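Heads up: the sequence lines are chains B and F, in that order. Going by this note's numbering, the first residue of the first sequence is number 16, and it counts up by one from there. Going by this note's numbering, the first residue of the second sequence is number 548, and it counts up by one from there.
Because the hints were derived from the structure by calculation, they are not lab data. Note that the coordinates shown come from a computational prediction; the quantities given were computed from them, not determined experimentally. C-beta: ideal position from N, C-alpha, C; glycine also. There's no promise every hint is true.
Short, incomplete list of chain F residues facing chain B, as computed with Cβ under 8 Å [claimed, not checked]:
#, residue
1, Leu-605
2, Gly-607
3, Met-649
4, Val-659
5, Gly-716
6, Leu-727
7, Ala-749
8, Ala-770
From the derived model, a few chain F residues whose C-beta atoms are all more than 12 Å from chain B [to be verified]:
#, residue
9, Phe-552
10, Trp-555
11, Gly-616
12, His-621
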Amino acid sequence: MIVSFTLILLAQLVGEAMAKASGLPVPGPVVGMALLLLFLVLRDRAPRRAERILPPPLVDGNLERSGKGLLANLSLMFIPAGAGIVGRLDVLEAHGVALACVVVVSTLATLTATALTFVAVKRWVAPGDRP
Amino acid sequence: MTGDFALWVYLSRTPLLWLTVTLMVYAVADRIATATNRHPLANPVVVAIILMACVLKLTGTPYPTYFEGAQFVHFLLGPATVALAIPLYEYRATVIRSLAPMLAALVVGSVVALISAITLGSAFGIPHDVIVALVPKSVTTGVAMGIAQNLGGDPTLAAVLVMLTGMTGGILVTPLMNLLRIRDMRARGFAAGLAAHGVGTARAFQVNEVAGAFAGIALGLNAFITAILAPLAVTFLR
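Whole structure, please, built from the sequences with the hints as guidance.
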């Protein structure tokens, strides 16, 4: 688990450095996600060599289990920031009701437009494609 | 100072207390969610945040004291984002097959998010500087705060609106998709991640791993495209 976590942190660290250096509007962890993806692709290109060189947790499924363990508890990680937001609801002040309406309607519109476009284009390019 | 109070004063200053309380609140919220068969209204993010805010209010704990302990949990958001590569890689064949629908949904979804926020905001008579903080509301917090600041908005207000949008999307996505009769988990997940960033992605992972993988992609891509499109969209405001 420690080795897997080290690799994930290393990807994030390099990702943060690349995001900062490039000045692009991408969060460091998202660059880290791309780097971990690259690692997985390269690892499975040469599985035998990977098994010889890499520490066992990175090739025996431990990395996958650790990562999925984090993702299964993604809800947990929003608690600290969310609890802080509750204390700052005063910034909504005068426009509270109007802002709440805009947030709800705009979120519904965005969800609908995204999902319907996805389904429509999928039917158009690959009519037989079932999920 | 009585003995009990001295103990409380000691414990409330260590990160251990608030880290443990955060994990306990999550365990309770998750238990409620499973007991209600993961009902959309029992969204663990929403329930846990409300519970946590109540505990802080009742104990009169200042947020910085709480965050000393909770920061360890908050920190994990970064590694969890990196870990999105794992389901993405696992379902790579499905992802590559869905490249065209994904890109089309990305463009349409992010434009609708921006334009609906601006037009509805104007229609409700919300002042210009507040609308600017509303514009990046579907994007992950860090990027949204940056976008709002660049456009001359208040980053704290942007963060509050981002979190409210995430919770709204996390609650509404399942009933809305059922209403629209969209059963494709790729479309459902992608919409959740695009409209409601990480909170939508957390919801998607609870429902289905494919939905989670697609939500993760949408979260990353939407941060990027909104950062480019938001300054353009705001020019329509004047």
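Status of each hint after checking the structure:
no. : hint    : in the structure
1   : Leu-605 : 13 Å, violated
2   : Gly-607 : 12 Å, violated
3   : Met-649 : 7 Å, holds
4   : Val-659 : 4 Å, holds
5   : Gly-716 : 5 Å, holds
6   : Leu-727 : 7 Å, holds
7   : Ala-749 : 4 Å, holds
8   : Ala-770 : 6 Å, holds
9   : Phe-552 : 24 Å, holds
10  : Trp-555 : 20 Å, holds
11  : Gly-616 : 9 Å, violated
12  : His-621 : 4 Å, violated
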